[in-house]
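2 protein chains.
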Amino acid sequence: MADFFDLLKTRRAVRKFKDEPVDHDLVMEIIRDSCLAPSGGNRQSWRFIVIHDQDLIRRVSDDSKANLIADLDRNPESSARPYETALRNPNFNVFYNAPCLVIICGPLSSRSVVVDCALAAAYFMFSAAARGLGTCWVDLGARIQEPALIEEIGLPPDHRIVAPIIIGHPAFIPGVPSRNEPKVLKVLP
Amino acid sequence: MADFFDLLKTRRAVRKFKDEPVDHDLVMEIIRDSCLAPSGGNRQSWRFIVIHDQDLIRRVSDDSKANLIADLDRNPESSARPYETALRNPNFNVFYNAPCLVIICGPLSSRSVVVDCALAAAYFMFSAAARGLGTCWVDLGARIQEPALIEEIGLPPDHRIVAPIIIGHPAFIPGVPSRNEPKVLKVLP
Chain A
0 MADFFDLLKT RRAVRKFKDE PVDHDLVMEI IRDSCLAPSG GNRQSWRFIV IHDQDLIRRV
60 SDDSKANLIA DLDRNPESSA RPYETALRNP NFNVFYNAPC LVIICGPLSS RSVVVDCALA
120 AAYFMFSAAA RGLGTCWVDL GARIQEPALI EEIGLPPDHR IVAPIIIGHP AFIPGVPSRN
180 EPKVLKVLP
Chain B
0 MADFFDLLKT RRAVRKFKDE PVDHDLVMEI IRDSCLAPSG GNRQSWRFIV IHDQDLIRRV
60 SDDSKANLIA DLDRNPESSA RPYETALRNP NFNVFYNAPC LVIICGPLSS RSVVVDCALA
120 AAYFMFSAAA RGLGTCWVDL GARIQEPALI EEIGLPPDHR IVAPIIIGHP AFIPGVPSRN
180 EPKVLKVLP
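Here the protein sequences line up with chains A and B, keeping their order. Counted the way numbering that gives the first Met the number 0 counts, the first sequence spans residues 0 to 188. Counted the way numbering that gives the first Met the number 0 counts, the second sequence spans residues 0 to 188.
What the hints contain is simulated information worked out from the structure, not anything from laboratory work. Be careful, since some hints might not be right.
One copy or two, either will do: identical chains are not told apart, so a pair holds if it fits within one copy or between any two.
Unchecked claim - Computed cross-link-like contacts, DSS-like style, restricted to lysine-lysine with a CA-CA straight-line distance of at most 30 Å:
#1 Lys15 - Lys185
#2 Lys182 - Lys17
#3 Lys185 - Lys17
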């Protein structure tokens, strides 16, 4: 049993993990739960890549960082600007040394790929929390471009990464962050 | 109490509703729950429009249908093709005569607007199910263009609709649909 309303209030982005691996069968259970998400036209345009290899996770981080730094260098409006200090620190791992990285991606040919993968990601993060694991969707890890690396992780050329999600046993669960009041633009009774 | 794993397995898209209104305070509770979703850079770029007015919901449906039919007429590759027969039926309401429509939308200036709104939508659909209500994300209802209608529902010109979601008391909850086996592209131990 895992009360939904408890999960709703207590589920948090987790960025500090215990130094222990995540059982692969457990990751597969969570992936199965994610596939119960609704999707555009029931296309289910979500695919999964599971990386436990710490060295490889680090290389994915390094490639994504390099591309974000290149963007910072040439584009004054870079969306990575708020993360510049961290990104320019060579020791910073965008995946926070998590024991496992699950990349949710899908075919560019599906017009609902972003929405489908985001819905699967919501299910993934809920299911992990219900099983006592912590997750964080790390958008800074989505910018990989190195062809050899893309091939190594098994991302087909006609697919795009939507949600790189780290998962592990939480070492620290932060408090609930502030949320804005709901912005209701109009009520039409 | 609402067990998350039960919800996960039993939550379904609902398209048949009892002929009774949905309490507005309950809709607001569900919107509050939706705002607990994670978002890109914690931008929370979700906004909500709540429509209980049946005539107005119908007019939103009619405008969206008209634009989809125009697309069918001029574009052989129209993504609306699978729904052509229904769309050309003047009696078809894309919102299935639901008692309430909640439009999740957000500012185009937020680069995470689609993902943020999709995550809020996942929370919305879960929270509604946990409270015994039925929902369905109706993408066919997202194509409104008529300026007077857009103004009437309070959608700012620099916002886009991501998730039009109908909500009501279910008259019929369909069985669990088939899901594909999870497509895991690669496991890197």
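(request) Could you place Lys182 and Lys17 in one of the four classes (within, between, both, neither) given a Cα distance threshold of 30 Å? (result) For Lys182 and Lys17, the Cα distance is within 30 Å only across copies (28 Å; inside one copy 37 Å).
(request) Can you give me the call for Lys15 and Lys185, within, between, both or neither, at a CA distance of at most 30 Å? (result) between (40 Å within a copy, 25 Å between copies)
(request) Pop the pair Lys185 and Lys17 into one bin, within, between, both or neither, using alpha-carbon distances up to 30 Å. (result) between (45 Å within a copy, 25 Å between copies)
Violated hints are absent here; each numbered hint is respected by the structure.
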